[in-house]
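Peer 1: Keeping their order, the protein sequence lines are chains A and B. For the record, in the first sequence the residue sitting at position 23 is 23 according to the working numbering, with numbers rising by one throughout. For the record, in the second sequence the residue sitting at position 237 is 237 according to the working numbering, with numbers rising by one throughout.
Do not rely on the hints blindly, as some may be mistaken.
[As the list claims (entries may be wrong)] In silico DSS-like cross-links for lysine-lysine, where the CA-CA straight-line distance does not exceed 27 angstroms:
id: 1; chain 1: B; residue 1: K161; chain 2: B; residue 2: K181
id: 2; chain 1: B; residue 1: K250; chain 2: B; residue 2: K237
id: 3; chain 1: B; residue 1: K181; chain 2: B; residue 2: K164
id: 4; chain 1: A; residue 1: K71; chain 2: B; residue 2: K161
id: 5; chain 1: B; residue 1: K164; chain 2: A; residue 2: K71
[Stated by the list, open to error] Residues of chain B clear of chain A, computed beta-carbon distances all greater than 12 angstroms:
id: 6; residue: S83
id: 7; residue: S171
id: 8; residue: R255
id: 9; residue: A322
id: 10; residue: I338
id: 11; residue: V340
id: 12; residue: P347
Just so you know, the hints here were simulated from the structure itself, not pulled from any lab data. Note that the structure is predicted; figures quoted are calculated from it, not measured. Each residue gets a CB set at the ideal place from its N, CA and C atoms; glycine is no exception.
One-letter residues, chain by chain:
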Amino acid sequence: MLRIATLFPDLLGTYGDSGNGLVLAQRARARGINAILTPVELDDEVPDASIYLLGGGEDGPQRLACDLLAKSTFPSRVRDGAYVLAVCAGLQILGQSFSIEGDEEYEGLGAVDVVTRRGSERSVGEMSVQVGKKLLVGFENHGGVTALHAPTNPLGTIVRGRGNDGVVDGYRTANIWATYAHGPVLALNPWLADEILATVLGYELEPIESVADRLYDERCAALSSR
Amino acid sequence: MGLKISPNLLAYLAKGRTVILVSGTNGKTTTTAMVAAGWGGEVTTNSTGANMPAGHVAAMAASRGVRVVLEVDEAWLPEVVQSVHPAIVVLLNLSRDQLDRANEVRQMAERWRACLGDADSRVVIANANDPLVVYAASAAENVRWCDVPTLWLADARSCPKCTKALVHQSSAWHCACGFAKPLDDTTILREELFVDGVAVPLELSIPGRFNEANAALAITALKEVGVSPIDAAHRLKDLHGVAGRFTLRKWEGRRLQLLLAKNPSGFEALLSTIADDASDIWVAINARIADGRDPSWLYDVPFERLRGHRVWCLGDRRLDLATRLEYADVDFEVVDDIDVLPVAPEPVLLLANYTAFSEWLTRSSLC
Chain A
1 MLRIATLFPD
11 LLGTYGDSGN
21 GLVLAQRARA
31 RGINAILTPV
41 ELDDEVPDAS
51 IYLLGGGEDG
61 PQRLACDLLA
71 KSTFPSRVRD
81 GAYVLAVCAG
91 LQILGQSFSI
101 EGDEEYEGLG
111 AVDVVTRRGS
121 ERSVGEMSVQ
131 VGKKLLVGFE
141 NHGGVTALHA
151 PTNPLGTIVR
161 GRGNDGVVDG
171 YRTANIWATY
181 AHGPVLALNP
191 WLADEILATV
201 LGYELEPIES
211 VADRLYDERC
221 AALSSR
Chain B
1 MGLKISPNLL
11 AYLAKGRTVI
21 LVSGTNGKTT
31 TTAMVAAGWG
41 GEVTTNSTGA
51 NMPAGHVAAM
61 AASRGVRVVL
71 EVDEAWLPEV
81 VQSVHPAIVV
91 LLNLSRDQLD
101 RANEVRQMAE
111 RWRACLGDAD
121 SRVVIANAND
131 PLVVYAASAA
141 ENVRWCDVPT
151 LWLADARSCP
161 KCTKALVHQS
171 SAWHCACGFA
181 KPLDDTTILR
191 EELFVDGVAV
201 PLELSIPGRF
211 NEANAALAIT
221 ALKEVGVSPI
231 DAAHRLKDLH
241 GVAGRFTLRK
251 WEGRRLQLLL
261 AKNPSGFEAL
271 LSTIADDASD
281 IWVAINARIA
291 DGRDPSWLYD
301 VPFERLRGHR
311 VWCLGDRRLD
321 LATRLEYADV
331 DFEVVDDIDV
341 LPVAPEPVLL
351 LANYTAFSEW
361 LTRSSLC
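One chain only, chain B, in its complex shape (with noise of 0.2 angstroms):
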């Protein structure tokens, strides 16, 4: 980053306000989203997922409402803990991705853990079913622990504590050395979605179960700030796009279904929701230096779930994908013009990594 930015700039802005920080490897940018809207009214946010500092600067500046929910980069949350003093942190997952800039997934767990254990009040909002996040969130004074789906554990298999193995055992996991799952969560999202015990009906109008467990956690976030879980939920319903993703786009001639994933995690969540109905699929890879410049993490997706479908291969590192779904056994096309990809009646699933999508959200419109 070019601009540096002084904490106490950061400081200033966010005095007299009531700061809510979102932060976790996948789901942030939605998280925020879903903390907004269901706050209701005006609310301060970098909503174009301009997630350190500048941006956060830039956000506060704009505006002078009281209530704000910033995106917060993982790498940059300590900083910005210090300096903003938020009433609430919520952490969602933590996992791998673009290990090539922020080297190792524990280190990170060690520095939130490291900014989480001072004296000062903030709840800290966290998803109990990841290992990791709760290793940083069980630092701080005040946790609300929420009991959430979660599907990726590849990298909480040891103990973030001592490093021997965590058992899994159906909902729950724990350590020889004694670190474990928490059990006094209070909110808990199985079927239905249960805050301090009072059900809240949830109909998100954008797909996905990691959707449920990011709303899970944004309405438990606006109990502590006030807002009824039921009237958080309702306004939540209105939300049917995030920056592009989600929603229905058009391009020359074709509609899309633009979806953004940006890691093994992030995929696996997506790949979850695609209807085994053996539709084309459109898959874009790029690697340049906002992705992390080593598509490694290709190997850690279980494209295999794709078998039946035909993926048409797009972005810079089309080849990485094409090799990775040759053998995976996934039909496949390599694309080196985008003007022959087939123009269909229904609309195309397009799933891309983050400057992929964005090139396919500028070239695309909203239909």
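Chain A with its partners taken away, still in its complex shape (with noise of 0.2 angstroms):
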């Protein structure tokens, strides 16, 4: 069984990032494997979960989410290992610190070792990132500026777009992806949604015939020719 638990959708989720959740839910039960999507609410308690996913958020939401985090087990459960995909807010929230408003820092989960700053400005539009021999594609939407701090490897190379800082994207620990890709951005990469579910299910998948692997190739040869 595999349970899949969205934090907050209703503070992280400006973006479709809810979509996140639903893929990874529809591509395990396309393999025949039982999976529960649970929306965590902000009165819920943190759940077991086999994975925990971060969304986007505005900076107001993406506050108070982050203390209601603090307070939650959710900390103490990463540090012991427990999978996240995080995108955007949610990969500053999981840092050090960010800076959002102006230049007041604020203090993240703290588990892992990035700094978030306010870049001199936005960065909007569609991305790409080589992770390995694949293309990551998506959107992104933010101001942040991320410094990553050994060992804390990034989770790509930036071929288009800004990411952390114009070089690389997000960042990859034993168990965290974390993206500026923001929304659905398994939905633009099954491979990614595959990848994350054959390592929390810990055994290779079997491939799966999906509309999605159309889309991808199809934003692939949009991003490279423009």
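Once you've looked at the hints, go ahead and assemble the two chains, each given alone in its own frame, into the complex.
Peer 2: Below is the structure:
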């Protein structure tokens, strides 16, 4: 059984981020795996789950989500190796600190050694990232510049767009995938959804046919032609 | 926008006229058409949906009538309010839309609030069920609160004032900080419409509960400029379509009912009106500049409601739509060539976002 918990979709769900949980659940179900998708609401305890999803959000809701998570069991779960996919604001919350409104620094959950400062301008547009042999395609819309401190590795290298700093995007630890490609990044990148599922479940998955593969090919082609 | 419009020009054109401004994420064009229709007589309006200052100047320069109603893009509302000095500002709703351009919906509410807090003697007609609208409008001195059905509240789960969680209880909502739904509403729409305690018969010719809400705000606005709600409601019966929306059109042997939805709340409102009859539905999605370049919002639309229907996926981003529908367990066909679309005797519903809607409007003609 696979339990997918989407954390505070009301706060961190600005750009269709709830799509990531849906994609993981449906791709697991397509392989006969019983998947349960649980949105964790504002007053809920953080439940046991196979993987936790953090989405993007506006400044105020991002701070509130961070405060709620800091008081919950979530930070210790992540330290103990719980799997997490974090996009955009979620990526920033897991770090040591982030500055969003003005230059006021806000304390993050400290799950990874990364620091986000406010950049001089927002980065808005389609992005692509080389992740190993695969290209990750997505859309970013954020004002953060994120610095990774050793030994935290990036998720991949920027081909197009800004990501953390114009050079690399996100980070990848033993149990966390983090990217600035916001919203339903797993809908656009079925290979990443399957990689995450295989890691969480601990075994290789049979390939499945999906119109998402056509979408992925189309976005890769669109991003290389412009 | 290439053309820089002088605020003085707008102010000059508005001088001596009674101006009603209509803004919000959804329903601007329809509500503006309702105000114009309900007012009666000659009304100057930007009926083509040209809702930025260049469009306002064009509309007001083309006619010298005293009565003016203008649809205003949300982001332009503060500038237009300051130069036009409207008698009335109608605030419909505020939700996520084209976030690649407008960034954040809460910032928009802050900007509205800042522009409405001055001492100008205008009346604000505001949707009391939308916390972001209430936050913006409560800065104004004269507000007429309208308690109308509002489906989409996903952007107001946390308090616009203090970011704590808003508590929603049946038809009301409040926050621990004291921010709450205003209770001194003067317009109420439930089974019936009441304006200042008087029942107003509402028989619209265009579909959707959301259009009844739009009509309630339009009628309330008109009452403030001296039009009796019953007369206004009576005139609204004759409004059958707005800029190609809702009316029946024909294309290559097919009959189509074109519906425009530009964002999750608009789509949710339209999906709630679709009959549970397993009919085919066409949906066209683009992601051009006017639509917003990021179609992530497809995952905020409850497409699961279309289970049992077959959806024909059209537009530049038909594969994004098809992927969304596949994950929603909805039957779909990806249409790479529109000539293969089925010909059926029954009219088919075509839901489209902004530029896709324009394409289909051009391609089709009135029945």
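Peer 1: Each hint needs a verdict: does it hold in this structure or not?
Peer 2: Hint check results:
1. B/K161 to B/K181: Within the cut-off at roughly 13 angstroms; holds.
2. B/K250 to B/K237: The given pair, whose Cα atoms are some 24 angstroms apart, holds under the 27 angstroms limit.
3. B/K181 to B/K164: holds, 15 angstroms
4. A/K71 to B/K161: holds, 22 angstroms
5. B/K164 to A/K71: With a Cα-Cα distance of about 15 angstroms, the restraint between B/K164 and A/K71 holds, given a limit of 27 angstroms.
6. S83: B/S83 clear of chain A: closest Cβ-Cβ about 28 angstroms, beyond 12 angstroms.
7. S171: holds, 19 angstroms
8. R255: It holds; B/R255 is separated from chain A by about 29 angstroms at its closest Cβ, greater than 12 angstroms.
9. A322: violated, 5 angstroms
10. I338: With a cut-off of 12 angstroms, B/I338 remains clear of chain A, as the shortest Cβ separation is near 18 angstroms.
11. V340: Since the minimum Cβ distance to chain A is about 17 angstroms, B/V340 lies beyond 12 angstroms and the statement holds.
12. P347: Correct as stated: the minimum Cβ-Cβ distance to chain A is 27 angstroms, above 12 angstroms.
Of the hints listed earlier, the one the structure fails to meet is number 9.
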